[in-house]
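2 protein chains.
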Amino acid sequence: MDFKIYNTLDRKKELFVPLNPPFVGLYVCGPTVYGDPHLGHARPAITFDLLFRLLQNLNYKVRYVRNITDVGHLENDSDEGEDKVAKKARLEQLEPMEVAQYYINRYRDAMKYLNVLPPSIEPQASGHIIEQIEMIKVILENGYAYESNGSVYFDVEKYNRKFHYGKLSGRVLEEMIAASRDLDGQSDKRHSADFALWKKASPEHIMRWNSPWSVGFPGWHLECSAMSTKYLGEQFDIHGGGMDLMFPHHECEIAQSTAALKHESVRYWMHNNMITINGQKMGKSLGNFITLEELFTGNHKLLEKAYAPMTIRFFILQAHYRSTLDFSNEALSAAEKGLDRLLKAVSTLKKIKPSSESTVDVSSLKKECMEALCDDLNSPIAIAQLFEWVRIINQLHEGEQKITQEDLDKLSNDMHEIVFDILGLRDDSIADNQNLVSGLVDMILNIRLDAKSKKDWATSDKIRNELQNMGVVVKDRKDGYDWELE
Amino acid sequence: MDFKIYNTLDRKKELFVPLNPPFVGLYVCGPTVYGDPHLGHARPAITFDLLFRLLQNLNYKVRYVRNITDVGHLENDSDEGEDKVAKKARLEQLEPMEVAQYYINRYRDAMKYLNVLPPSIEPQASGHIIEQIEMIKVILENGYAYESNGSVYFDVEKYNRKFHYGKLSGRVLEEMIAASRDLDGQSDKRHSADFALWKKASPEHIMRWNSPWSVGFPGWHLECSAMSTKYLGEQFDIHGGGMDLMFPHHECEIAQSTAALKHESVRYWMHNNMITINGQKMGKSLGNFITLEELFTGNHKLLEKAYAPMTIRFFILQAHYRSTLDFSNEALSAAEKGLDRLLKAVSTLKKIKPSSESTVDVSSLKKECMEALCDDLNSPIAIAQLFEWVRIINQLHEGEQKITQEDLDKLSNDMHEIVFDILGLRDDSIADNQNLVSGLVDMILNIRLDAKSKKDWATSDKIRNELQNMGVVVKDRKDGYDWELE
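Chains as they are written, first to last, in the numbering used here: chain Y, 1 to 486; chain L, 1 to 486.
The set of hints was computed from the structure by calculation and includes no laboratory data. Source: prediction; values computed, not measured. Do not rely on the hints blindly, as some may be mistaken.
Repeated chains share a single entry, so a pair holds when one copy, or any two copies, can fit it.
Dumping the calculated DSS-like pairs for lysine-lysine here, alpha-carbon to alpha-carbon at most 30 Å [as the list claims (entries may be wrong)]:
no., residue 1, residue 2
1, Lys351, Lys4
2, Lys305, Lys87
3, Lys350, Lys366
4, Lys137, Lys200
5, Lys366, Lys351
6, Lys112, Lys284
7, Lys462, Lys12
8, Lys162, Lys137
9, Lys367, Lys478
10, Lys200, Lys455
11, Lys366, Lys112
12, Lys475, Lys353
13, Lys462, Lys475
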């Protein structure tokens, strides 16, 4: 099936043609691990998890690399200021890697809750200093960087004379320079648009490595160029990330890779759009910053209740990844109801009794869902198609339509494949039911007490034996009963 | 409370005195990630998880570093032959880091099943090449290593003239050399006992980095010296690992750190003993190699059934970590029964009715358990003490002994603290009960059908409403009923 991707480079949908089929190389920018995973992490993770699952379903062998930024990402994404991870470490009086490890673990746990598959390789920036140094050497050799006072900067103007700095984001270098408030000559940079490849560490900077230029640390943008080249090669298929990373991060990645390799490395750039909260941009200063744990527990002043991880996933999939998505209690509650209807219909499939003929055409479900998904990941249209089938499944169950065993098997397989394998939803409804078990057993034992009080020993014994067979051991006591699971 | 550790360096129990209380630095050798986690991984992980939990319970602030070996560990733990991870990658036609990531994920999942806490920092060897190169430079400068044909070797004989190579394992260098089958002059090494710090990569070697000596990769032993120094400092408190790592791995670590830092870095060396299977050493060639997944599923010819992760954990804790431990179906089944009795007693605590006086002395439980654990992690004695209390808890429940509310609260707190927080056990008995819920609901609805057939509408409605309150929605059908969870 033809698979089309909207390529940010050309601002249009293009047929996806992998470089080396059946292999596909996919790189996605992962988290900077200095805080708890939040809503802004969920959207790219789920978007590119859908892509990863879909490509695998289309029989591609995907090497999916999603990095972890644990060094070099300075405050305000700038070239000055404190390292985000190191700052958190200073505030918490911990070793930076202890902070990074803590938030890496939190991120991985959250991804598991959201049923996001682990990537094939999850490299850390601090674990690839040597690869970054090697790349800086090549960029210097090729003449697109300069050393200044122990730091190394990328020479954007020189690069722009031969290549096109701004091709991804559509920004124009002259305008960027004019709009810049940096005054040339006040920093180690020659020009305000230049960006750091290597920064000399100030004495109080704790994350530092030896390099040919100084004891220091790599610039933020460099890790992705170095690690994607290492693990996916000098050219690879797809690079994804949030739209907020398009400039400067991805623009700088293109410049770095082009300056080092003399050609571009990424063929398809994909960007997911942003999330808003009740119509506002999410931000710590706005008080509407919601972590995933807060969503899962409902513990935030903007939340009317807790929302299960699958509700979040479904909510995100219900919008196209290139549309903005607004979080509100109403929208999340609607997603929760919708997901519930969908999962119930999947369970209902088991209860449908087959007929000798079919009044429904089961071939349309998978075909239409796959067509939608292969049209630049149009998950909302695929989900609409699923709901069409929810209606039909309920009709089948009520006997208002008929289906043969063979068609029922196909319908069931296709439904499972789309809902669970590709969309990556999961039925958590019966997972956490410790209280339910206790409630049900107590209810049964009260019925039994009632029978005993009526001297209905047959019923009392029958209940006791049936429970015993299910592994529930009942011990009668003078004032009632005890029970426990075998 | 005084905490005593058996220090392998001196072959005796010593009072544990941390370098910088309340901080404790703990380093443990983690897995080489080229295969599924197996029984041999479970014992050190659980042993040092117990240590980590106990130290935290004693109010130490522990920085626990457990590394991941993803490069440099050659076949047969030697200085020649193929890299274990790279070999697996070649066989599976994958990028080495894809293999490493896969088995890292498998290892982490298994550790979660075993309720092993994640360490504070989990550094990868391939992520610390630059730190290893820096350490080699210092060892070369200090005169305890030499370059040979692009590789760098540690000069064991020269080191042994000033320090003592063999002090941890008790081996004698002269005997090692005499017993060696290596002929001097046939490799790049000067002497057979020397070991690689850096190896020049052969053309087919895929994991390779630039260094001052060659494009190559670090020797296996070096990563632990480099990463422990980086994250725990030039001197730290405790280094743990399996007894099989004592020589050559830990002996070489001591030599490297001493040669680089001019003093030893580890104060207490702890080694867990080995696991045997039905009395035999575990080995792939012996056909008795059991992965953790095989244990959890029972899918291995030597296993009569599946054993839950908590059974494995409890089984390992029932032996002292310095004793050998023999796995057999009988022993595992006994552990399963014992754990069940222990966890049931913990649940029984909730059902005990307090009296106005106590006939039991609840102060002994925690005191005796902690004394045992602080005596070089004597978990079997702590567990024996717990079983003493299982007996007493059952007597309390049967009314054969009495306890006040205050004592019951203390007993309950102490029992939870020892069993769950320190020993790290977990009650999984009610976790997976989807079938049980279905069975119980069906049982109740059959009782209801029975009531309906007797035209006992009151009971029928009562059951329906009670189920509804618990979130079980009943839908009557002409041929019976449907139900679903809300």
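We went through each hint and held it up to the structure:
With identical chains, the CA atoms of Lys351 and Lys4 are never at most 30 Å apart, being 37 Å at best within one copy and 63 Å at best between copies. For the homomeric pair Lys305 and Lys87, neither the shortest alpha-carbon distance inside one copy (33 Å) nor that between copies (51 Å) is at most 30 Å. In the homo-oligomer, the alpha carbons of Lys350 and Lys366 lie at most 30 Å apart inside one protomer (19 Å), although the nearest pairing across protomers, at 52 Å, exceeds that limit. Taking the closest pair of Cα atoms, Lys137 and Lys200 come within 30 Å of each other both inside a single copy (15 Å) and across two copies (21 Å).
Only within a single protomer do Lys366 and Lys351 lie at most 30 Å apart by alpha-carbon distance; the minimum there is 21 Å, versus 54 Å between protomers. Within a single copy, Lys112 and Lys284 get their C-alpha atoms as close as 25 Å, which meets the 30 Å cut-off; across copies the closest is 32 Å, which misses it. Proximity of Lys462 to Lys12 under the C-alpha cut-off of 30 Å is found in neither arrangement, the shortest distances being 69 Å within a copy and 61 Å between copies. Taking the shortest alpha-carbon separations for Lys162 and Lys137, only the intra-copy value of 20 Å comes in at or below 30 Å, while the best inter-copy value is 41 Å.
Taking the closest pair of Cα atoms, Lys367 and Lys478 never come within 30 Å of each other, the shortest separation being 64 Å inside a single copy and 36 Å across copies. Taking CA atoms no more than 30 Å apart as the test, Lys200 paired with Lys455 passes in neither setting, with 87 Å inside one copy and 86 Å between copies. Proximity of Lys366 to Lys112 under the C-alpha cut-off of 30 Å is restricted to the intra-copy arrangement: shortest distance 26 Å within a copy versus 37 Å between copies. Proximity of Lys475 and Lys353 under a CA criterion of 30 Å is satisfied inter-copy only: 16 Å between copies versus 41 Å inside one chain copy.
When the C-alpha separation of Lys462 and Lys475 is checked against a cutoff of 30 Å, the pair qualifies both within a copy, at 14 Å, and between copies, at 25 Å.
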